[in-house]
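Trainee: For the protein sequence lines, the chains are A and P, in the order given.
Per my numbering, the very first residue in the first sequence carries number 4; after that it's consecutive.
Per my numbering, the very first residue in the second sequence carries number 24; after that it's consecutive.
No lab work stands behind these hints, which were simulated from the structure alone.
Please note that the accuracy of each hint is not assured.
Claimed, not checked - Mimicking DMTMM-like on lysine to aspartate or glutamate, the simulated pairs with C-alpha atoms at most 25 Å apart in a straight line are:
| # | chain 1 | residue 1 | chain 2 | residue 2 |
| --- | --- | --- | --- | --- |
| 1 | A | K143 | A | E133 |
| 2 | A | K117 | A | E79 |
| 3 | P | K211 | A | E133 |
| 4 | A | K69 | P | E194 |
| 5 | A | K202 | P | D51 |
| 6 | A | K123 | A | E133 |
| 7 | A | K117 | A | D131 |
| 8 | A | K123 | P | E176 |
| 9 | A | K207 | P | E176 |
| 10 | A | K69 | P | D86 |
| 11 | A | K207 | P | E56 |
| 12 | A | K69 | A | E31 |
| 13 | A | K207 | A | D175 |
Unchecked claim - From the derived model, a few chain A residues whose C-beta atoms are all more than 12 Å from chain P:
| # | residue |
| --- | --- |
| 14 | E15 |
| 15 | L101 |
| 16 | A111 |
| 17 | A119 |
| 18 | G254 |
For every residue, glycine included, the Cβ atom is placed at its ideal position computed from N, Cα and C.
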Amino acid sequence: MSTQDQYRELVEAYALGSLDAAVQAAMEEHLRSGCQECAQALEEARWLVTRLAYLAPDATPSDILKGRLMQTARAETVSIRPKSRTPIWLWAAAAAVLVFALYNAREAYVLREKIASLQKTTAATMQDREKLRSQLQEAKLQAMIMTDPKSQTFALPASEKDWPQMKAMWHDEYGLCVMGHEIPMPKSNRTLELWLMPKTPGSKPMPLMTVRPNQDGSLYVVVAHPPEDMHNTQWLAITEEPAGGSSQPTGAPMWMGSIS
Amino acid sequence: MFLAVLTPTDSREVSPDAALVRSLLRQDVNAFEQLYDRHSRAVYSLVLRILQHASTAEEVVQDVFLQLWRNASRYDASRGPFLPWLLTLARNRALDQLRLKSERQRRREDQAEEPPAVFSAPDYESALDEKRQAERVRSLMNLLNPRQRRAIELAYFEGLSHSEIAESLQEPLGTVKSWIRNGLMRLKEGLQATP
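Just chain A, same shape as in the assembly (with noise of 0.2 Å):
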């Protein structure tokens, strides 16, 4: 095989960014050296890479993202707003407002107060209601879930005898729930973290959603899309973790239950 042809058969996993660091600077050579087959291959291989993005689950991105979004941009916009040329008629005018306003100050700086104080009530109430918006779809789910028949039960035992179980529901299309009672409380700066073992060799445990217990000691967790189906999953555990949660677990499972 000529050495044309060994760059040409490294081209898609260059692509996907899998070669080690020593073959992928060689590749990176021979791409400035200026070789036309491999940088054609190279633009097709990007593509058909990028096409392994479908291999992901779908999921939404929450509402509160979106505004975040939308208001920075709204507000580097009249940021960098360029000025304009103004006619000298205009700055008379302009002039005139300005004494006007000076006159008002008192009543210019009330109506402003006025003005902020709405905008922090209103942005409050907007969080609020997106808040109970999403409550109300998680205990939708939750008890669709659990009145179910199609819903499995499996039972997550404590590693602490004086500890009660907990237990999971799952199923296929609404996805999964995990509740307990009399659930110990963490300390304020740690925090009980879920996970889902897959059945897949080689897997890592995957975070699901960090969680703190309700006053009374309850517990209910809903995760919508879990990232593995039930029939791939091999285990679920709970541990506690530093508050924020961990990419992986820091300590054995405080409860745990095998999914089959």
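Mind docking chain P on chain A? Use the hints.
Mentor: Just chain P, lined up with the frame of chain A:
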């Protein structure tokens, strides 16, 4: 919606995405909102699959769209469709987040401000119905040996190198290389086949 947006448009026409990105250069917030509505699910789905953590995934998606908002000129519509470019940008960011301490990640961080290359769609893709195209990608990947498919997923969604995948799957390095190349070739051949 996620499936719809991955499909290329005819390169001879100005795509809706290209027109919207052009409007971003004039700081058009409405265009930004439309682009977000069209593609946020695709981007979020990919980033969440890589990071497996919703709040971190949202942070990365926010970074990606803000980069688009602030540097829209970095996308050259004449060189290829928008979404593959955006997904490549999102994947790079998500993998950076995933592997903060690795050598490969540091190399990527050095290039973090460099946008990914824009690349054109091959002809065979243009003719395919978008929903069938997604189904075909999934079904073609499902035809692979599960461990071969896993090797490709480890490379794409976790950013692992051949050696790292070989170690993770406890397979010889040569096997992993063949799996990945042959798997991608079979995917390409499957997509090229007449629908």
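Trainee: Compare the structure with each hint and give your call.
Mentor: Results of checking the hints against the structure:
no.	hint	result
1	K143/A to E133/A	holds, 15 Å
2	K117/A to E79/A	holds, 24 Å
3	K211/P to E133/A	violated, 44 Å
4	K69/A to E194/P	violated, 43 Å
5	K202/A to D51/P	violated, 47 Å
6	K123/A to E133/A	holds, 15 Å
7	K117/A to D131/A	holds, 21 Å
8	K123/A to E176/P	violated, 45 Å
9	K207/A to E176/P	holds, 14 Å
10	K69/A to D86/P	holds, 12 Å
11	K207/A to E56/P	violated, 37 Å
12	K69/A to E31/A	violated, 38 Å
13	K207/A to D175/A	holds, 22 Å
14	E15	violated, 5 Å
15	L101	holds, 28 Å
16	A111	holds, 27 Å
17	A119	holds, 22 Å
18	G254	holds, 18 Å
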